[in-house]
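Please put together the full structure from these sequences, using the hints given.
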Amino acid sequence: MRAFELTRNILLMGNCRCFSSFSTCMHRQRYAHRLELGRLFRASPPRTVLIGAYLLLAVALAAQSNLDTLLGQARTAEKRGDYSGAARIYEQALALAPGNPEVMKRFGVLEQTELKFDDSIAHFRQVLALNPKYPEVNFYLGVSYFGKNDFRDAIESFQRELANPKPHPRSRYYLALALQSSGRMDDAIGELNRALADNPSDADALYQLARVHKNASLQAIERLKAIDADSFQLHALMGEFYVEEKRYPDAIAEYRLALKKNPGAMGVHFSIGLAYWVLHEPDKAEPEFKDALKENPADPVTNLYLGDIATQDQRFDEALGYLQVAEKAQLDLPQMHTLLGTCYQARHDPESAKRELLAAIKGDPAAAAPHYLLAQVYRELHEPDASARELSEFDNLSKSSADKALNSPGGMAPESK
Amino acid sequence: MIGKLTRVRGPLAHAGLLLLWPVFVATPALLSQSLNSSPVVQPRFSDVTSALAVHFQQVASHTSKKYLIETMGSGVALFDYDNDGRLDIFAVNGAPLTDPTPKGMIPQKAGPEHWNRLFHQKPDGTFEDVTEKAGLQGVGYGMGVAVGDYDNDGYEDLYVTGYGGNKLYHNNGDGTFTDVTAQAGVGGSGWSTSAAWVDLDNDGLLDLVVLRYMQWDFDDIWCGERKEGFRAYCTPDAFRPIRPLVYHNDGSAHFTEVSQKLGLSGQGKGLGIALADYDRDGHIDLFFANDSMPEFLYHNIGNGTFEEVGLPAGVAVDGEGRSYAGMGVEFTDYNNDGLPDLVITDLANQMYALYRNNGGGTFTYESYPSGLARMSFTHSGWGVRFLDYDNDGWKDLIIAQGHDLDTIELTFPNLHYREPMLLARNMGKSLVDVSAEAGAVFQQPWVARGLATGDIDNDGRVDAVVTTNDGPMHVLHNDTTTPNHWLSLRLVGHKSNRDAIGAIVKVMSEQGAQFATVTTAGSYLSSSDKRLHFGLGQDAVAKSIDIQWPSGIRQTIQNVRGDQILQVDEPSAPNAKEERH
Numbered sequence: 001m002r003a004f005e006l007t008r009n010i011l012l013m014g015n016c017r018c019f020s021s022f023s024t025c026m027h028r029q030r031y032a033h034r035l036e037l038g039r040l041f042r043a044s045p046p047r048t049v050l051i052g053a054y055l056l057l058a059v060a061l062a063a064q065s066n067l068d069t070l071l072g073q074a075r076t077a078e079k080r081g082d083y084s085g086a087a088r089i090y091e092q093a094l095a096l097a098p099g100n101p102e103v104m105k106r107f108g109v110l111e112q113t114e115l116k117f118d119d120s121i122a123h124f125r126q127v128l129a130l131n132p133k134y135p136e137v138n139f140y141l142g143v144s145y146f147g148k149n150d151f152r153d154a155i156e157s158f159q160r161e162l163a164n165p166k167p168h169p170r171s172r173y174y175l176a177l178a179l180q181s182s183g184r185m186d187d188a189i190g191e192l193n194r195a196l197a198d199n200p201s202d203a204d205a206l207y208q209l210a211r212v213h214k215n216a217s218l219q220a221i222e223r224l225k226a227i228d229a230d231s232f233q234l235h236a237l238m239g240e241f242y243v244e245e246k247r248y249p250d251a252i253a254e255y256r257l258a259l260k261k262n263p264g265a266m267g268v269h270f271s272i273g274l275a276y277w278v279l280h281e282p283d284k285a286e287p288e289f290k291d292a293l294k295e296n297p298a299d300p301v302t303n304l305y306l307g308d309i310a311t312q313d314q315r316f317d318e319a320l321g322y323l324q325v326a327e328k329a330q331l332d333l334p335q336m337h338t339l340l341g342t343c344y345q346a347r348h349d350p351e352s353a354k355r356e357l358l359a360a361i362k363g364d365p366a367a368a369a370p371h372y373l374l375a376q377v378y379r380e381l382h383e384p385d386a387s388a389r390e391l392s393e394f395d396n397l398s399k400s401s402a403d404k405a406l407n408s409p410g411g412m413a414p415e416s417k
Numbered sequence: 001m002i003g004k005l006t007r008v009r010g011p012l013a014h015a016g017l018l019l020l021w022p023v024f025v026a027t028p029a030l031l032s033q034s035l036n037s038s039p040v041v042q043p044r045f046s047d048v049t050s051a052l053a054v055h056f057q058q059v060a061s062h063t064s065k066k067y068l069i070e071t072m073g074s075g076v077a078l079f080d081y082d083n084d085g086r087l088d089i090f091a092v093n094g095a096p097l098t099d100p101t102p103k104g105m106i107p108q109k110a111g112p113e114h115w116n117r118l119f120h121q122k123p124d125g126t127f128e129d130v131t132e133k134a135g136l137q138g139v140g141y142g143m144g145v146a147v148g149d150y151d152n153d154g155y156e157d158l159y160v161t162g163y164g165g166n167k168l169y170h171n172n173g174d175g176t177f178t179d180v181t182a183q184a185g186v187g188g189s190g191w192s193t194s195a196a197w198v199d200l201d202n203d204g205l206l207d208l209v210v211l212r213y214m215q216w217d218f219d220d221i222w223c224g225e226r227k228e229g230f231r232a233y234c235t236p237d238a239f240r241p242i243r244p245l246v247y248h249n250d251g252s253a254h255f256t257e258v259s260q261k262l263g264l265s266g267q268g269k270g271l272g273i274a275l276a277d278y279d280r281d282g283h284i285d286l287f288f289a290n291d292s293m294p295e296f297l298y299h300n301i302g303n304g305t306f307e308e309v310g311l312p313a314g315v316a317v318d319g320e321g322r323s324y325a326g327m328g329v330e331f332t333d334y335n336n337d338g339l340p341d342l343v344i345t346d347l348a349n350q351m352y353a354l355y356r357n358n359g360g361g362t363f364t365y366e367s368y369p370s371g372l373a374r375m376s377f378t379h380s381g382w383g384v385r386f387l388d389y390d391n392d393g394w395k396d397l398i399i400a401q402g403h404d405l406d407t408i409e410l411t412f413p414n415l416h417y418r419e420p421m422l423l424a425r426n427m428g429k430s431l432v433d434v435s436a437e438a439g440a441v442f443q444q445p446w447v448a449r450g451l452a453t454g455d456i457d458n459d460g461r462v463d464a465v466v467t468t469n470d471g472p473m474h475v476l477h478n479d480t481t482t483p484n485h486w487l488s489l490r491l492v493g494h495k496s497n498r499d500a501i502g503a504i505v506k507v508m509s510e511q512g513a514q515f516a517t518v519t520t521a522g523s524y525l526s527s528s529d530k531r532l533h534f535g536l537g538q539d540a541v542a543k544s545i546d547i548q549w550p551s552g553i554r555q556t557i558q559n560v561r562g563d564q565i566l567q568v569d570e571p572s573a574p575n576a577k578e579e580r581h
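So the protein lines, in turn, are chains A and B.
Under my numbering, the first residue of the first sequence carries the number 1, and numbering increases by one thereafter.
Under my numbering, the first residue of the second sequence carries the number 1, and numbering increases by one thereafter.
Treat the hints as calculated values from the structure; they're not laboratory data.
Glycine included, C-beta positions come from ideal geometry on N, C-alpha and C.
A few of these clues could be false.
Facing chain B, from chain A, some residues (calculated, C-beta under 10 Å) [said to hold, decoys possible]: (1) His280; (2) Ala369; (3) Ala375; (4) Phe394; (5) Ser398; (6) Ala402.
Here it is, written out as structure tokens:
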């Protein structure tokens, strides 16, 4: 009996957390066991005590060995899906080491797997009664409560687990799920964001975060529909939805319906213009951007798009007017400088064109096109060496870009074939 | 969000000497004369395919794997194989593909539905299928065709390109052809596309330039969005480029591959080829239309080698410094200034590229000022030819259209897989889209690919033949009613290659000068009538015809009556002058 007690204590001191690699865990426990015995030897008087200690050690090691064997068998049974067989082995293990927390924890996890949430909760609670911070048990307890749709207890369990020094890595994620299920959306979003702060590539957390937001949006839309299925707000919102889904014609239709409801609504003309622009329909985009400009004549982005369209259409003077407004607003985009460079070049002002194209290159050193345009400018400035240099740079950057594309097959943009 | 860049505009003229032959330079006085004094007539084309008994269906063999080869279509040739004075038609066809097709497989034709087809024009103008008699059924998945009399025996031979190997068919002169690929050593490998017959070294024998698309195999690569119905054909960006094949005609029915020796071995993604002496230095130059990478302009240095000058010449990219999906190409003097210009078709949202030849070795991107950019912005072009449909003396533009992606409308609803053809009237300095008034045939949505032109019924109006991807071939008869006169020239070389490919012709009439280069190459995967057609407008007579033969011989013919097909034989004298009526 004493040997069992000793084993249990040693197991507890081993602080085993790694359920998935239990053999490694037990190895660590055995190492701790030897340390504990070492302390015992140093503290005890010689001979008689030593003999007793050797006997105790032998019994403990034998019990441990049996337990290891049983746990190994249980694991094998679990692996092959023989859960009832595994349960019987855990029961044998508990008979060999009654109250062993690791065995109870593993037994609880097995029961959880079999959706026997009440049984698993009972085992987890027994473990926590022995050690309220036993590693990961609060997490598994929370999962069992979550399985029972007992979100309040699940939340409390996950929160207790998170208070541990090394909580189970999925604790925050499951806490978020429980919060979401109990309707506490803001708290759920907060926890998912924290989970992502810990692991930015947590696909599950990202997925849930997207779902939460999407569901929240859908709920709001449903409420909007209930209020007025033909409202400005609903059409504008649907327009934005379709833009996100790249369904631009549908988006444009919704925006137009929104405008019918509220002809003076700010920003809708810009959105329509942008959708047409993305669809490469500048003739339709331009009047929308011009209407948007009436709402805010100094808006730099609207001016930039109008400048782009006018440049495409060879209306360089007009383009320059728009682009200079954008420039005044300190919109420092390389594309704006490229457009300005083109306009100045068209107006036979190569020095200004050069200045703008150099600014474009500074803003985006990897962009090839400004070098090509600058080469034309240098040619006009009768600087053949500089022109050749820019053409060479253009060639290098183009090839580099082609190499990058070659190394990422499959991600084609349909418009570029 | 702003992704658009900028464009070049304004002259890109180099300071320097213009190395032009005086005889072929259009003087300002000539240019000031308006050829457009001819009355504007309504263009009119009709689909006479069934009436002429031309039945051809291209088999693309679409699969769920969306192998790129399925959407590229195939070419067509207009040529007179039996020298009866009437144009015949040769159409290239695909081959069956399994779904999936194993990597490394070379598809083979499995039956008559996959055969290439030769249609012989009968005296009544209708056609008969003579494929079997001619022995031109073909073997693999065919792509392009090039017509040229490589042995100068007076009969046009055929070179058929394809995936996995090409075929050279020698015209026996009795209505049959013999596969001489192995003996000639021009079988090639990889994925060949457009080819051109051209005498690169002026030895009087046609050499052969064969473009190849890229290093490609039947790999199962998913492109496009990963959802049902959205799988798309891959962009060429996912594949490595490859060098072309250049075969020197050794003169004994044998060829030697010389691409590296000639400096023509740049790695490209070639789809279209055209030729012209763009700098008028007396040596024929080459243009390769590459898909989604810089275009290649190969300048013939004159010592038997070439240098690639696309970038400094200003034709490698569009005016904004962007590459585009170059497919079909024409190298023709569209503005009658004596210098060959370039037009290259590409995909929607890219705008067809028109480069005006400035002289001095440079070009200016003219897509915007010419109006071509605006009219082509939402279209995808393949086969392209300049043809003067109304004989007003200005070469108009006809383009076979249709997007390469059959899923394009899912992403861009304003773009279309099936598109009508484009017909643009040349106004001298600009182009105007006249497709809407050119007849019902220009309203029908096709997945058009190959395009060849020629006066099929010898009525003085240039017709066209169009292939469609996985669809029928269409014969478009030019019904345009015009009072304008015309002149068609059939040049026969003697010291030069017999087809006179590379000869430069200047036709002078009261209304002005026009220039053309003899070639069967150009467009996309196709081969057009080698005869040169000139609209004379209101002039019933051409004041003079100046010919610069590839051999260097110059010939002038004066006062040539219009409205005729005139055969001109290469003289033996270096500077021949004669009068014709």
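Among all the numbered hints in the text so far, which are the ones the structure does not match? Violated hints: none at all, because every hint is consistent with the structure.
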